[in-house]
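Residue numbers (the working numbering), protein chains in the order written: chain A, 1 to 262; chain B, 1001 to 1597.
Quick caveat, the hints were computed from the structure, so don't treat them as lab data. Take these hints with a grain of salt, some might be off.
One side of the interface only, derived from the structure: several residues of chain A facing chain B at Cβ under 8 Å [stated by the list, open to error]: (1) Ile4; (2) Glu8; (3) Ile46; (4) Lys234; (5) Gly236; (6) His237; (7) Asn241; (8) Glu242; (9) Leu261; (10) Asp262.
Below, a sample of chain A positions facing chain B; criterion: calculated Cβ distance under 8 Å [said to hold, decoys possible]: (11) Gly69; (12) Lys227; (13) Val232.
Computed from a prediction, not measured in an experiment: that's the story for all the values here. Note that beta-carbon positions come from the ideal geometry of N, C-alpha and C, so glycine has one too.
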Amino acid sequence: MKNIMMPEPHEILSVLKETQAEYTFRVACDSKPLHGQFFMLSIPKIGEAPISVSGKGPGYVEFTIRKVGRLTEGVFGLKAGDTMFMRGPYGNAFPVEQFENKNLLVITGGTGLAPVRTLINHFYDHPEICKSVYLISGFKDVDAVLFTDDIRRFKDKFHMTATLDNTAAPGFETGLVTEHIKKIPFPSFDDFNVVVVGPPVMMHFAARELIANGVDESKIWVSFERKMSCAVGKCGHCKINETYVCLEGPVFNYVKAKELLD
Amino acid sequence: MNARSFYLDLMENREKLYRFLSSIYQKEVDRALLTQMKAMTFPSEAEAPSLTEGYRMLKDYLDQIDERKARIPEDEVTDLAADYAKIFLAAGISQGSAAFPYESVYTSPERIIMQDAWETVRKLYESVGLIKNVETSGLFEDHIALELEFMAFLCEESHRDPDCSDWLIKQREFLRDHLLNWVPSFTADVNQYADTAFYKGIAKITEGFLRFDKEILAGISAPFDEERIENQNEVGETAFSLNPENMDQILQELKKEYRIFAPKRYEKRGAKSSSDLIRYGEINSVQEIVHESQSDFSPKEIYYPITQTMIRFQENQSIEEPSADSRGVLIFARPCDINGIKRLDNIFLENGGHGDIYYERLRDKVRFIMMECGGGWDDCFCVSMGTNKTEDYSMAIRFDQKNLLVSVKDQAFDPYFSGEKSNEFTDENTKVTPENVDFTPQFVTSNKKKVRLPKIQNRQQLKKASDLEFWKEFDEQCIGCGGCSAVCGTCSCFDTVDIIYDETSSDGERRRVWSSCMLDTYTMTAGGSRFRKTPGANMRFKTLHKVYDYNLRFGDEEHMCVGCGRCDRRCPKEISFFDIICRLSEELEYRNRKVER
Ligand SMILES: Cc1cc2nc3c(=O)[nH]c(=O)nc-3n(C[C@H](O)[C@H](O)[C@H](O)COP(=O)(O)OP(=O)(O)OC[C@H]3O[C@@H](n4cnc5c(N)ncnc54)[C@H](O)[C@@H]3O)c2cc1C
Ligand code: SF4
Ligand code: SF4
Ligand code: FES
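Chain B on its own, in the form it takes in the complex (with noise of 0.2 Å):
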């Protein structure tokens, strides 16, 4: 048997499986599913020893209806419709205590049901496009019945799409963070408050089950990963010569599962009214992309947009705001870019221990395109911050004399170029030809900018580059525009702000906008107090944030500061970010040679 076969044999059985074990606990077992069971065969020798101490009981509990003749089949099913309310209806215990099929019940400290587990599930099952249809089910999302079910759901479409790892992927975080979360527990409360071996067995059965089912999903891959993986192995990256027509012709079969993302020229819509503005928009044509200069603004806006609706008010309700797109994201970005967005990830996913909802639900979906980048801008310093390499990307391009160079890395990209992709360009013509070459991506190994990072080694050292007199020169060139921070692509701090439909009504939502601690108001309370009162000290705050305090909070060798030089193009002051850097090294340098004098 070969390995596509028998990965679509696997899931069908675990659907069949999974469909069953669903059906049982959806309601009472009715005579026609008794009747089938006794026809079916089960294993006496099963892969885990659980299942198979279940099955024997389900066996032995079935054999026995057939020795004892005398009993009409009537007789089982009422039986094992009392043991079915009793076990997960409570019914007839008077301290109303049982085995709740919800997973809420187990998982929220209260116990009850639609907890947290309810909305997740629920959202998870919205997010396949599944709705489910209460009049039919009358029960909750997070119904044992219906996470099972759902399982067999994963199993179909992991079988109808054998190519598709995601389903997969997705099998196995259902398993992992729902069902055995809380269903050997659940389980073993039915063994404990089941009278017949019928439900005792089953409880075994479906707890060894998903047990033994964590071991299959854990060894197992797609068939058309494996075979990729073998190419992998011999090739390794594999990079392509195309001319721009065949790049656009990949390009929109990509379109198709993603949203793609350049720098593009917007003519005349620069700081200077005749200048052109160099920013990040969908495009539809490798043409649109511009290469030959940096871009004005950051990819930033894309995962995490200027505004964004966060909740909805309806009534005496909070609604969270879906993603607009269920799209994926593909983004031409140099790697300074690519290294801004860990910053971001820092602060949204990691800071405080909790993630951010909204980002992460966005940024799960990015994938990068680094084009390569050829360095020699006037002010950038990638170098001296340690961003000028990284390997977090998909693919990369570089924008050769003609054609393009593009190296595929992340193999679920290798279909669009392996001519896989693109079966429907029927015209000869048209037809995407990639010719495989030898290409690895370079990166930037010097600048023009150098800077050399202040050295602030304890408290006493950060005292004394608060308080340097020059800070106080900005309170007369800064504006506070917040030009700079819009730009950057690692500024990431944020307001709220309240929308209301219409006056008269309690309708509204909440927003989140980029803010800036270059704005007057960034630290004001009521009354209009405030912690930073001037330009000057908004920027020593700022430069401290870049070059000092995020890493001493994170870490990692890395700064909030990616060199990417935008924000000195932008400032309507032509105040340099660059030379303050350089400025406070040089400063504090100065001052500790002085003490040791």
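Excised from the complex, chain A in its bound form (with noise of 0.2 Å):
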């Protein structure tokens, strides 16, 4: 029997800094995780926690990490050649047959960038299965900014909107990412999908001005982040009601997000 508490070695090949507090470690792994699922990883004596994969390539994957904790300092401490343990992938994915030659439109805020970054790739690399990218990324500050090289790649075959939440920078525009929504051209896509994820408040308050611009519940997805003991289903930190987070999300439909209560 598989024993599925047990992490494994495995090295690290890169870590790029991204900002002050978030780099983006590459990782040798064979695994083929799906858009928006997340591994567990950890640092024996320090402990583990669920972190998405933003980045994927053969023979390895890529975690962009926000230093907040005990876990994801041990993490910032590590170089290249360092072993790292993990255990995944887990959770579910973003329904992509679903959004393929359709519109869809991403909204992230922060790190919330990280978990669809493989997913906004995935249409990059095949223009041809999808009508139409726009893309809403928000951050605090330029010094906040993510993805600094794939933003300018976006913005060259997708409408990219990069954002700070209150000062002004070259190549960004200013306000909260719910501030844009009402740009987006809704009445010209037939049909289409929304992304939004982020902090809990900001796909709240996102999802609202969705609804607000006739967006169908049916047609956004969040990305749920709760707390994590064991991402298989026992540990019941990330249970809400009935639904199990490390299992049946993070990944939810908004018409299911939204009737889940804390």
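Starting from the two chains in their separate frames, assemble the complex, guided by the hints.
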């Protein structure tokens, strides 16, 4: 019987500093996670935490990690050649097939761009299977901007709005992501989906704004973050009503998401 | 021939064939083995077609060595050695394709050695005390030769200990989970890569024998079992009346194979310093068992320890913590608690579609001695929760005035009572002489407390239940100590904690420790934000989990709460969970009535 709690050592191939508090780790790994899935990363003696896959390629996966506490701080001390323990991938994924050959709007707040990065790249690499991609990515300020190169690339192919909460900088708009939603030409879309990922408050208000703009709830997809100690449906921490976020999530359609009462 | 000697012969013959096949795969055949084989007679009509064909091919091959007397056996040996190297080691084949004789190769997606299968069989060997002698074999544990040899070992054990069906079960499982899982594809490859009729024949025999052996194993049982089944049919559950001294002798005997747990009294360790604590612990004598009152803690800590080491980290390795004790676990428990373990089973074995190894390996060992419950306690409401009855026990016990009545349901325990397993008591006076009696355990049919479960039929009603004002009362009352979860037999949540042995080394371990949704840190994420912020919200979450969510998820008419009432007795703030369920149901009924009007 497989030990579902057992992490395996993986080699860190490279570390890229995105911002002061966010680094991207490329780790040797042969598994092929789906868009939106996550792994449990751990460092012996410190602990374990769920981290989304922010990039993938032959023989590696990437994680973009924000330094916020004990484990994430420990991870920041690692460098290329060091060992990262991990198990996964876990959770469900964005229903990519359902997004194909339609219009897609992706709204992200801060590190929320990480879990949707592979999804966006999928359409970047295969523009023929998508009618159009709109992207609104909000950051606190210019120092908090992630994936600068990607944002530049995305601007070439997609309708990309990068925005800073309340400061101005070249190449960026100003204002919360919610303020940019009204600019999206929903009536010109024949069929579309919206993906919203970010802090809980941001997802809540973005969904409200989308609905106010006539978007049907069933077209909205969100990704939840909850405290997780196991990611395999045993520890109970991520449970909301009868739903386990680690098993049935983290991705939820808004019709389901709005009725989950913590 | 009687059943017993038939069984013994069968085990012996099977062992021989397994060993023979194993030796063929272990290395190139040498002259000695070849000569030996030539002397063997093979059945011309075997029980399975591919066996017959395999034997025929092998026989033809061996016969032709004789016919061509001109060829010296050395040539044959060299030919066979070359074929062995080609088939199993890919020698001389440019693409490197061969029939690599490892289970891992056939069961891992990458087709490489030392994968999951290797891990599993290694642990299996270790679990029966077999340690591979690497130097002599040089093969990994999931090599076909070693897997066949393992079967031979199990046959040998069955032969040695015909009363024990465990060895037989192990054979069935190993054949199903391992050998038959990959060997048919492997032998097909052998057939393809082999040049000699010798190895083609061996492949046929191997495959045919394994398939046939599966049928053999399905059709037999240990002779001892058979006798007992006959007994069982005659008398059904056997029941005995014993005095405590007799029972203690049986316990001593049982202790050789089981750790035995029961509710015990720990003086002056209770919640109030003057009171005693009744808690599960290992016992030596039935006199230690507290049966005249309920236990403060559930038996959960036996199969789901408060803190449990899962993984040890050494350098850059993660190592699974082995189980501490191989003995079985016998627990004296009431029906509510036996029902409680089914809730933990659902979470640890079923939820998410995968089992938790640490729980499973302990849980597999657990057998219950059901303590007949007189009911009549003040706090429990098992009848309302449907947990007053159970069939899941090996023995049942009633603590009568002076004597004990024991009903033995699981035949594995019969020998302890029939005197068979107590031969060592030579002293006539103390010899166990249980008296056969009529005893069928009774179940409680009514409690002092009765509860109506809330009727929540849809999401709107759930929302209404969540929004009730009365949850806020607990913001003041409940201090979030989590004591209620600690005593509960069905609370299953845990945290993981990493421990370091010493600051400077990277060695350490990962444990899991009981947690509780009543703790204010339960939903806390980095930076201190919480998804449920108040004791009232926690109480709502716990209550709905116990009497609604779990049932919605797992169905089966069962709830997470089994109505044992322990949490009510434990709470330092005298909050009654029973009252909360009643309140919730009333409030909802009241509100629903208002809507109807
Ligand atoms: C599905 C999912 C995907 C995530 N993806 C990312 C990502 O791509 N990048 C990123 O930077 N962060 C991500 N997070 C958040 C990340 O897990 C937390 O920041 C991290 O657990 C903090 O751990 P810590 O030990 O540094 O913090 P501490 O505050 O020291 O946390 C102690 C423990 O609490 C738990 N915990 C704390 N915060 C969270 C949280 N937000 N979610 C779940 N458990 C938590 C963990 O078990 C952690 O070990 C994700 C969370 C989830 C649930
Ligand atoms: S919630 Fe209370 S009454 Fe129900 S099973 Fe747990 S401890 Fe017993
Ligand atoms: S209900 Fe009582 S026992 Fe449970 S957490 Fe609150 S105060 Fe502690
Ligand atoms: S994270 Fe443990 S149950 Fe979901």
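Hint-by-hint comparison with the structure:
{"no.": "1", "hint": "Ile4", "in the structure": "5 Å, holds"}
{"no.": "2", "hint": "Glu8", "in the structure": "7 Å, holds"}
{"no.": "3", "hint": "Ile46", "in the structure": "6 Å, holds"}
{"no.": "4", "hint": "Lys234", "in the structure": "5 Å, holds"}
{"no.": "5", "hint": "Gly236", "in the structure": "3 Å, holds"}
{"no.": "6", "hint": "His237", "in the structure": "7 Å, holds"}
{"no.": "7", "hint": "Asn241", "in the structure": "5 Å, holds"}
{"no.": "8", "hint": "Glu242", "in the structure": "4 Å, holds"}
{"no.": "9", "hint": "Leu261", "in the structure": "5 Å, holds"}
{"no.": "10", "hint": "Asp262", "in the structure": "4 Å, holds"}
{"no.": "11", "hint": "Gly69", "in the structure": "4 Å, holds"}
{"no.": "12", "hint": "Lys227", "in the structure": "5 Å, holds"}
{"no.": "13", "hint": "Val232", "in the structure": "5 Å, holds"}
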